[in-house]
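J.: Here are the chains, one letter per residue:
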Amino acid sequence: MKLRLQGLCAALLACGASACLSVAYQRELTFEPVRAADMDTLEPGRSTLSEALARLGAPLYVREGRGGETILAYGASASQGFGLSFSVPLLDQTSASFDYNDASEKLEGYLLFFDADLTLKFVRSGLLRSLANESRPRPAPAS
Amino acid sequence: MIRSCSLLLLLLFAPACLVARNTVNEPLSGPDLVQLKPGTSTASDVAQALGAPTEVVQLGQRMAWRYDFTNEKTAGFTILILTLINRDTRADRAWVFFDEHNLLLFASSSLQAANAEYAMPWSDVHERD
Chain X
1 MKLRLQGLCA
11 ALLACGASAC
21 LSVAYQRELT
31 FEPVRAADMD
41 TLEPGRSTLS
51 EALARLGAPL
61 YVREGRGGET
71 ILAYGASASQ
81 GFGLSFSVPL
91 LDQTSASFDY
101 NDASEKLEGY
111 LLFFDADLTL
121 KFVRSGLLRS
131 LANESRPRPA
141 PAS
Chain V
144 MIRSCSLLLL
154 LLFAPACLVA
164 RNTVNEPLSG
174 PDLVQLKPGT
184 STASDVAQAL
194 GAPTEVVQLG
204 QRMAWRYDFT
214 NEKTAGFTIL
224 ILTLINRDTR
234 ADRAWVFFDE
244 HNLLLFASSS
254 LQAANAEYAM
264 PWSDVHERD
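Protein chains in written order, with my numbering: chain X, 1 to 143; chain V, 144 to 272.
Hints may contain errors.
Unchecked claim - Computed beta-carbon distance windows for the label pairs:
no., chain 1, residue 1, chain 2, residue 2, range
1, X, Gly81, V, Gly173, 31 to 41 Å
2, V, Thr185, X, Gly67, 22 to 32 Å
3, X, Phe86, V, Glu198, 32 to 42 Å
Stated by the list, open to error - Covered stretches of chain X, going by a simulated chain V footprint (3 or more residues, C-beta under 8 Å):
no., stretch
4, 46–53
5, 58–68
6, 123–133
Keep in mind the hints are simulated off the structure, nothing from the lab. Here the structure is a predicted model, which means the values were calculated and not measured. Ideal placement from N, C-alpha and C gives every residue a C-beta, glycine not left out.
Pulled out of the complex, with its shape left as it was, chain X reads as follows (with noise of 0.2 Å):
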């Protein structure tokens, strides 16, 4: 009897962990990634902004870049894994945001670079946070 109620302890116990110990397995999926099919209908030299914006839709990033062209980016990402965490909650405080420029750390996708005529000079795939490396920079935000 009193090996099972120490039993019973240890379980109870376990299941308090669970509050501070936790394993996650996490996906995150961010946008809905451009069809690689649509941008093979773009052809540098050919094609404009107005064909590039009407095939691909709305970009989500829009950046003049250090020549003065313009940059369209286009993103998604699809990310997944396992993660162990500790933790003692002192205090709790969530807030509702997204934001656009930490996620560009993440996705991956198409920049389209645009001549002054808004003429599609040539196109480069990869990481969407290269974008940083490519674009003027711009003035901070008002605080």
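Let chain X serve as the given structure and place chain V on it in line with the hints.
T.: Frame of chain X; chain V shown alone:
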């Protein structure tokens, strides 16, 4: 006593589910976007129809405004210390481009926020589109 303790233990082992939805800004209105006419509408017309943009980007003499609505749906469940979570984020987005005279050059929109789904990590979401 033992019976009620066993019942309590069973309840603790039962999986806990979570469902959450997080939105940012207001959904974009298709009819409001359709009424914008390139070559005719001005920046003032766009501001009246859609309100203040989320972002303004200067492109030399031109400029572009962004409007967006983000819809994030999270679903998951926990069994003891194992938690499975899926987060699906999609957005309505519109960009309007103006020339140096603040006349609308192009308008483009993608309305995908409604496609966000509550799903488990192993289920197809984007792949199904």
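J.: Can you give the numbers of the hints that this structure goes against, from lowest to highest?
T.: When the structure is compared with the hints, only number 6 turns out to be violated.
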